[in-house]
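Participant: Chains as they are written, first to last, in the numbering used here: chain A, 1 to 157; chain B, 1 to 157; chain C, 1 to 87; chain D, 1 to 87.
Among the clues, some could well be false.
To be verified - Examples of chain B residues toward chain D, derived with CB under 10 Å: (1) Phe33; (2) His53; (3) Gly56; (4) Ala61; (5) His82; (6) Ile93; (7) Ile114; (8) Lys118; (9) Thr119; (10) Trp124; (11) Lys126; (12) Trp136; (13) Val137; (14) Asp138; (15) Ala139; (16) Arg140.
Simulated from the structure, these hints should not be mistaken for laboratory data.
Cβ coordinates follow ideal geometry from the N, Cα and C atoms, glycine included.
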Amino acid sequence: MAAIRVGLAPFDVAAELAALTGDRTDIGGIGTFIGIVRGTAHGRSLASMTLEHYPGMTERALVAIALAAERRWPLQACLIIHRVGRLLPGEPIVLVAAASAHRQAALDATAFLIDWLKTKAPFWKKETFLDGTEAWVDARETDEEALARWGATPTPA
Amino acid sequence: MAAIRVGLAPFDVAAELAALTGDRTDIGGIGTFIGIVRGTAHGRSLASMTLEHYPGMTERALVAIALAAERRWPLQACLIIHRVGRLLPGEPIVLVAAASAHRQAALDATAFLIDWLKTKAPFWKKETFLDGTEAWVDARETDEEALARWGATPTPA
Amino acid sequence: MKILYFAWLRERIGCGEETVALPADVTTVADLVSWLGSRSPGHASALAPASDGRRIVRCAVNQDFADPETRVTERDEVAFFPPVTGG
Amino acid sequence: MKILYFAWLRERIGCGEETVALPADVTTVADLVSWLGSRSPGHASALAPASDGRRIVRCAVNQDFADPETRVTERDEVAFFPPVTGG
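The shape of chain A in the complex, shown without the other chains (with noise of 0.2 Å):
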């Protein structure tokens, strides 16, 4: 079962894992991954960060993620839910899980599930700063790397 939403509320880790095991007693090891923002970048201090995204295709996006990683290893679930609008320092943004009978096979599709959705998910992160300022994040090359070791194609450049 791979479940996603986007979405501007908050999430609650305990009760999003309860629901992806509901009373599945052959899960044997979940994953999850948070991702969360950060009060500085490139050493300023960050008021906030806002998440654009493209609606439609986020959604087609992240069930092609979750698929690949039902396809790659013998998962239970799998779950993705990423935030968007204006969040502030120390908030969660993304929350990943793979949920599997083998502790392996759940910590590296979690590690699978974020490194794809970084590069083949469409959202922009844009800094606000303290100081009033703001920026688009840059797309990182560490993370067209960290796709590499999954046997990714990049996207397309």
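Could you slot chains B, C and D onto chain A? The hints should help.
Facilitator: Same frame as chain A, but now just chains B, C and D:
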């Protein structure tokens, strides 16, 4: 900050992660792994799993594992919670978490924590099957192999 | 054709969505970028390649990532945006 | 010396903890295993190596993992147990 806990009580993942990060705004990502009691073992239905441990040595071992992770990766926080006593299928056994400014460090440290815990902390699992029979779980060689990824000396054989 | 712009492309062009009537000789994403670039200085600036010739702007056709060679028709939804930075 | 047994060693020996007075010629973990094995059939069975000679039982001295060569004294806490299976 390394936090470890061993006990009978269940844990609330959301509350544990909130306590781990507190008001910090220098954390960019948190990796977690939750181990769960599966309902079957060797094709037989499980009634419960009983976790025995070596009080005193367990806490020492978990602290040593958490500190080893903090030496290897730039972590803002790391957490190990391990339950003992009788657990039912579907119940969580263990929670490990690692928080870092960067996602790769958080993910790698999470895998390291659970791999090391599986081979270096004095816990033993006994399975009680629905038919009333009991069996101690055998250590798996794959756990020692997972350790080798971290360049670790296997536990004395 | 419906065209969408996101992030700093949207800001530089000054709109997030426009509907255009496609000239007959625009048949690929590369053609579309050239043609859109002639519509305003904002379009030209937003859609220009980097000084080293590297393509900065990414494109999706009907919500799938696309290449300069991807073919486009009047009925497609085409989006232009910077490299993604979510997660 | 305080000796602890865990998991199936505890069950096979029939006790989780015993205090023993160490003979003078017992100075290492290996010595201790041999000597304990002579105390009862349960001890002998629990502490025996596998049929291929591989050591099954693990040991900790003062709550640190130990080798057969690790030295022990009357004041140490020594524990014997199977390979760990937590997590």
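Participant: Which numbered hints are broken by the structure, listed smallest first?
Facilitator: none
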